[in-house]
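Here the protein sequences line up with chains E and Z, keeping their order. Counting from 1, one number per residue, gives the positions in the first sequence under the numbering used here. Counting from 1001, one number per residue, gives the positions in the second sequence under the numbering used here.
In case anyone wonders, no lab produced these hints; they're calculated from the structure. Wrong hints could be hidden among the right ones.
Quick list of simulated restraints, FRET-style, between CB atoms [said to hold, decoys possible]: (1) ARG342(E) - LYS1207(Z): 44 to 54 angstroms; (2) CYS41(E) - ASP1138(Z): 37 to 47 angstroms; (3) PRO341(E) - ARG1204(Z): 44 to 54 angstroms; (4) ARG342(E) - GLU1232(Z): 29 to 39 angstroms; (5) PRO1226(Z) - PRO22(E): 47 to 57 angstroms; (6) GLU1232(Z) - SER2(E): 49 to 59 angstroms; (7) LYS334(E) - ARG1461(Z): 49 to 59 angstroms; (8) LEU1144(Z) - LYS334(E): 55 to 65 angstroms; (9) PRO22(E) - GLU1368(Z): 48 to 58 angstroms; (10) GLU23(E) - LEU1144(Z): 15 to 25 angstroms; (11) ARG342(E) - ASP1086(Z): 26 to 36 angstroms.
Each residue gets a CB set at the ideal place from its N, CA and C atoms; glycine is no exception.
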Amino acid sequence: MSTKEIIDFRKQVVEEVLELYPEKAKKNRRQHITIKENNECASCAVKSNSKTVPGLMTARGCAYAGAKGVVWGPVRDCTHISHGPVGCGYYSWANRRNLAEGEIGVDNFVPFLFTSDFQESDIIYGGDKKLEKIIHEIVGLFPNTKGVSILSECPVGLIGDDIESVSRRMAEEIKLPVIPVRCEGFRGISQSLGHHIANDAIRDHLIGKGPGREVGPYDVGIIGDYNIGGDAWASKKILEEIGLNVVNIWTGDSTIEMLQNGHLVKLNLIHCYRSMNYMARHMEETYGTPWLEFNFFGPTKIRESILKIAAMFDDSIMEKAKTVIEKYDAEMQKVIDIYRPRLEGKKVMLYVGGLRPRHVVGAYEDLGMEVIGTGYEFAHGEDYDKSMANLKDGTLIYDDVTAIEIEEFVSKLKPDLVGSGIKEKYVFEKMGLPFRQMHSWDYSGPYHGYQGFPIFARDMDMAVNSPTWKAVKAPWTK
Amino acid sequence: METCIKGSKEWLNSMEYRELNFAREKLVINPAKACQPLGALLCALGIEGCLPFVHGSQGCAAYFRSTLSRHFREPVAAVSDSMTEDSAVFGGQSNLIEGLRNAYAVYKPKVISVFTSCMAEVIGDDIKAYLGNAKEQDAIPQDLAVALSNTPSFKGSHITGYDSTLKSLIECLAKPRQEDTINDRLYVVPGFDTYPSNLREYKRLLKAMDAPFTLLPDNSDVLDAPNLGTYELYPPATSIAEMNEALNAKSYLLLQAYSTPTTSKYLTGKGVTVETIPMPIGLSGTDNFIQAIAKFTGQEVPQEITIERGRAVDAMTDCHQYIHGKRFALFGDPDILLGLVSFLLEMGGEPVHIVCTNSTVPFKKAMEKLLAESPYGQGATLYPGKDLWHLRSLLVTEPVDMLIGDGHGKYAARDANIPLIRVGIPIYDRVNLHRYPIVGYSGVINLVTMIVNTFLDELDRTSTDAYFELMR
């Protein structure tokens, strides 16, 4: 099919899917789906960051998920109170693969659920007193905690609790940062506002309030890497090999001090733009710390990013950067030589969160694969604008795609691989379709950096070429 | 030990820390309980053509679906009406109405199970009135069955939500009970059970005993669905026809007392005969179950069941030496704990620490009675309302040989350097355990196998050359 025919076919597919909806929902959803054509302005073509249509099965989460699950949860030497009823904390407990150094319970509190476990009486009488008591108990039981974050759940905001004043009082008393994060799940329309609120909390309570440090000429920070399966460590390795000194990571394997000193670097490198651009901008505006977006998925993008990063420093860094690229390009070529023949021409459809719907496209292309559909759960217009350059004409783009939409798109466009989340995974596997979780790396990883690409390539090959897919049809079924 | 540094691992492992840990009053750390709507969802999935619908924030629905999908490695469908800040001000009516309209149009359910999360509960949404208005506005057909349950997360736990939702589904779908329409069926309620294989085991035994029955709800084909190359939104489950006749049941057999008290009371109030027995884990638990069915059918227990029982007994006697006298810690939901403890006592195993975060007073009494009746239960302590951080202190100060509970126990087990036998939910880090029943006589064999082989694996893994033997 020519590109025009592909575009026409996909347009027709979209129309057919929209027909499933009542008028109002149809009108709404139509604005969130487009097909890339002639490099038009993406943010004009795809509406994003707007309310989810009630009753349609969305993959989206809430502000609490964005603030606790994404931004705050990985900070390892801080205790995070899920403030409210037990559920939110329970469901976000130790299931986002934020690897962290330190001894669990001593100076690493990532795989914990600290909850105020609200009961009816707390709803009626308020939870402020309880919260105060809880903070006392935390510092008594975990004396190495370097701070306490309070992640509020829906009821806290609805009953009018004043967690800010509790935090102020307690911070003075325990001589540690106590950070109220107003991320009740009803705020905003997705995880996205939760990221923003979490960023604001770092701005208001931590940044610039630490012990400070001398900034070395090659000091950099990684912003927006949550160390899923060790991703941040893989990224750090490259930066160190080119001569840079990674002093902060936000927030994978992070510490309170790293958050306090985030601005005390020569350059901040931002991976997940969506979840942390707010702080990158704030540090630039307030402290003059420049920032740069980069992409460490797949050798092509890694190469581009290394050169872009090295250009911000002196020639010695550029020289090392080129050596590093040369060294690893050869290694990565070996990986490509193994996997590309097995994956060449395979089509991929993605539906993920903050950066991956665009950032992983290059890595697939390194393996000869083609991304024919992609979309974000909680992107803003600028994310779609940034995506366009990475996508071919004819790519189907969907924002906050509903379950029925993506099921229909996949069954009509017939990709060879779907990359999305846990809620989508088994739907497609039941259809006999290869699938990889692109939030959790399906419990594999890392996928970042030169360390990650061979694992990424192996995993995609395993998924696409697993002999198990051939077993789906019984020999006697017609 | 008294000189160990505050905050260090040694300190965390000390008696001093245990006392401090048990002195905490408000802070909850690593609780073994989730919130009500998770149970509501598990229940709703067991009704044929039923669409679970969360009235509240969409994040809640995402969390419940992810949790069940991770555990079962299965698709889990649920919609929400995505209430946001403006619903906090104006109430959730417009979300509910639009949500029902869209969900019905797209998913064509036979019944919708609406259950609430915190937000709707705190602002006091009147979902009954909203549903009436939804029908009045023709958002959904007048005759569409919509069950409503209030499942606030700040009351009870996941098992409470299961109970309320089960009651709401029966209330919504069942025709009134009349003396002349009573059927010949035994309605069996499994309770909050995360083993599709348990449900299949119940069905197999009921069939073997020739009992006309309905398993209510039955999510076994939803949460252990075959891969046939197509995705089914509504796999087979308890049929609407059986739901319609639910109040006309000859009688009910409830297999989890603590996750069905509301349903039990409701059914009794409707004049239905209800018998509640302990979850049939272990030999005597299963014997009870078989006898309850035999009482219902009025028939002798078939020989094949006696033979099956004999095989389980054979496994128990063959393996008793590996469990007898071993010390166990357990945590989980009330019903499953009673079952597991009963099984261990039958094997001569000694429960030592029993942690139940979502304990109740009647459960506490039942557990204490069970323990008191056995010589092997004398050294056990039940810790009602405690969490897994309490449990950790218990394990490191009063060691046991094995921990039994869900995957969250792996941290405490690791710190105590003992194996964890994974039973319950969530289990994200082992595969297929939900496919092996822990109830019935086959459950006895499976539990014996898991526990004993784990002890033997440990022995082989830790033996020096001198003690490394082929026979164990």
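So, going through the hints one by one against the coordinates:
1. Evaluation of the 44 to 54 angstroms hint for ARG342(E) and LYS1207(Z) yields a pass: the beta carbon distance comes to about 47 angstroms.
2. Look at CYS41(E) against ASP1138(Z): about 39 angstroms separates their beta carbons, and that is inside 37 to 47 angstroms.
3. Taken as a hint, the range 44 to 54 angstroms holds for the pair PRO341(E) and ARG1204(Z), whose Cβ atoms sit roughly 49 angstroms apart.
4. In this structure the supplied range 29 to 39 angstroms holds for ARG342(E) paired with GLU1232(Z), their Cβ-Cβ distance being about 31 angstroms.
5. Against the hinted window of 47 to 57 angstroms, the Cβ-Cβ separation of PRO1226(Z) and PRO22(E) comes to about 33 angstroms, which falls outside the hint.
6. Evaluation of the 49 to 59 angstroms hint for GLU1232(Z) and SER2(E) yields a failure: the beta carbon distance comes to about 36 angstroms.
7. For LYS334(E) and ARG1461(Z), the Cβ-Cβ distance of about 36 angstroms falls outside the hinted range of 49 to 59 angstroms, so the restraint is violated.
8. Range check, LEU1144(Z) to LYS334(E): Cβ separation about 60 angstroms, and the 55 to 65 angstroms hint holds.
9. Restraint check, PRO22(E) to GLU1368(Z): a C-beta distance of roughly 56 angstroms satisfies the suggested window 48 to 58 angstroms.
10. Take GLU23(E) and LEU1144(Z): their Cβ atoms lie about 19 angstroms apart, and the range 15 to 25 angstroms holds.
11. The beta-carbon spacing between ARG342(E) and ASP1086(Z), approximately 51 angstroms, falls outside the hinted interval of 26 to 36 angstroms.
This entry does not satisfy hints 5, 6, 7 and 11, going by the numbered hints stated previously.
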